[in-house]
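Using the sequences and the hints, build the whole thing.
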Amino acid sequence: MTRAANGLAAKAAIPTADSDKGTTADARRKVISAARPRNMLLRGLSAQDFALIRPRLERSTLQAKDVLEEVNGPVEYAYFPEDSLISVIATQRDGKAIEVGMVGREGMTGTAIVLGNGEALNECRVQLEGSALRIPAAGLRELLSRSASLHAQFLRYMQVVLVQATQTALVNSHLTVEKRLARWLLMMHDRVGENEFDLTHEFLAAMLGVRRPGVTVALHMLEGRHLIRSTRSHIGIRDRAGLEEFVASGYGIPEEHYRRLFPGAGF
Amino acid sequence: MPRYFFHYRDGDRLSEDYEGELLPGIAAVEETAMASAKEIIADGLLGGNPVLTGYSYEIRDEARNLVLVFPFSEAAEKPGPRP
Amino acid sequence: MYKPNNKKYKNELIRRLSQEDLALVEPDLVRCELPLRMMLEKRNSPIEFVYFLEGGIGSIVAKMPMGRDTEVGLIGFEGMTGTALVLGDDQSTHECYVQLAGEAHRMPVDQLRSALAQSTTLRPFLLRYVQALFIQTSYTALVNARSKLEERLARWLLMCDDRVGGDRLTITHEFLAIMLGVRRPGVTVALQILEGKGLIRANRGEIILRDRNGLIELADGAYSEPEGEYRRLIGEIG
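Going line by line, the protein sequences match chains A, B and C.
For the first sequence, position 235 (counting from the first letter as 1) is numbered 236 according to this note's numbering, and the numbering increases by one without interruption.
For the second sequence, position 49 (counting from the first letter as 1) is numbered 56 according to this note's numbering, and the numbering increases by one without interruption.
For the third sequence, position 165 (counting from the first letter as 1) is numbered 166 according to this note's numbering, and the numbering increases by one without interruption.
There may be inaccurate statements among the hints.
Dumping the calculated PhoX-like pairs for lysine-lysine here, alpha-carbon to alpha-carbon at most 20 Å [claimed, not checked]:
hint: 1; chain 1: C; residue 1: K64; chain 2: A; residue 2: K180
hint: 2; chain 1: A; residue 1: K66; chain 2: A; residue 2: K97
hint: 3; chain 1: C; residue 1: K149; chain 2: C; residue 2: K198
hint: 4; chain 1: A; residue 1: K97; chain 2: C; residue 2: K198
It should be emphasised that the hints constitute simulated quantities derived from the structure, not laboratory data.
Keep in mind it's a predicted model, so treat the numbers as computed, not measured.
Written out as structure tokens, the structure is:
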């Protein structure tokens, strides 16, 4: 199991609008800007709640394939991605696995902390490298008990996480691999905000629960419809509206609920 | 709407559909049979099995009149509605 | 930690409420019948009542606008409807209706909301059930992508049997079709496969589980792991 902590200190000292010029490097490591946070869930917090959580946050660099939570393992940190992307993966003991959710700049990991229990319910694995803010589980738990509004905000996000899982269950039984792939690319696009991704077919196959050659075929078909551009381990979105039209009702329900529950987040 | 019973035949064995379903007419019966057979065949294939073309639906109306025999082979060979 | 002390209830959650929390919710619990197909929650609509099931089965059903219903959650006497409310939302994302008649204690949402606000222990306890349901749903997503029809059927039959008991299920093919996400005629085919393996007997409108262990083996890990998580989070059923 790899952890995302390597190299953290080096990357964490991001100059911020309000960082005190005189603080030591070690203290500054933890200073997160009081300006508009890049993570939308944090951005949606009240000024008071953000002031409460901000001093406990530290910036961390996540590498692709880092495992942040293991099923039934302890949850050490909750992560708020800034431009990284994390997969929530249901895993059976025999190794069968499928992605049931995706967390990017709109969300957070650490479901088990917010819902109260200590053990991870699903696996969380980094999909796209990038930065995230994180808070230790104990610190978050303490804040949740101190601020009812903070807890309420994060609980509402868990409702979106649950809806993501139910929609995934639905599309897994009703959509073709090609449509599921298109849905997946749209969801990723929403959560990262970039048009180009470095992704291997092997990784996509694991996320969608199909064999790798099937991903190659599905990518080829989407490319034939001029919706994406795909080369070895690289995918670019060419026509977002076209992708949405193609997946139709298979995409968008968790996103709709997110916007309803967090109107101020800018998602 | 009339009720149709989709009995399932596997060689000599007939599994009865006691419940049936309401459908507007023979065209809908055929469409349902086609889509359902495609679904079963696809699931079998995904499970590593050969195509189950020896099976069929024997569809009867409430008076037990035979309305349609639908061999699964048709679903394997012909286009139809998406299951 | 969560002992089933309130033995006059069959609902596993109410049985485990602390005396203080029980005193808080009990005055607002009203016993009611759950007839087949009764709508417990409407899609994208405000939730009116939360149901703590005493018997029967409620099914959380997701719908594609042009497509068929597919079950994404199963609730019996081990659970409750209205998990969105426990998470602080006021509306349900999916439909939830009765697939097997039973009874429940229901509570108006305003009363539950005020009980949640008054107690420091009620929400944390109910959130444990939310986690169990989340795991159940995650496994449903997993089996829908990865498991064969007969394996999924074995899992659902076991899950229904856990909530009904007696190894005898009176469930319609229409319901099984929603559980499996297939057209109704295909259910006969899947039942026949299990019957051929000697695991069940399907009689007119009734399914008899002949070999539970065989069904568990066929379900291949998709059954029993989520059930183990329920026991870990909430406790032993029954």
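Outcome of the hint check:
1. This hinted pair checks out: C/K64 and A/K180 have alpha carbons roughly 16 Å apart, not beyond 20 Å.
2. The hinted pair formed by A/K66 and A/K97 meets the criterion: a straight-line CA distance of about 17 Å does not exceed 20 Å.
3. The hinted pair formed by C/K149 and C/K198 meets the criterion: a straight-line CA distance of about 15 Å does not exceed 20 Å.
4. Between A/K97 and C/K198, the direct Cα distance comes to roughly 24 Å. Violation of the 20 Å bound is thereby established for this hinted pair.
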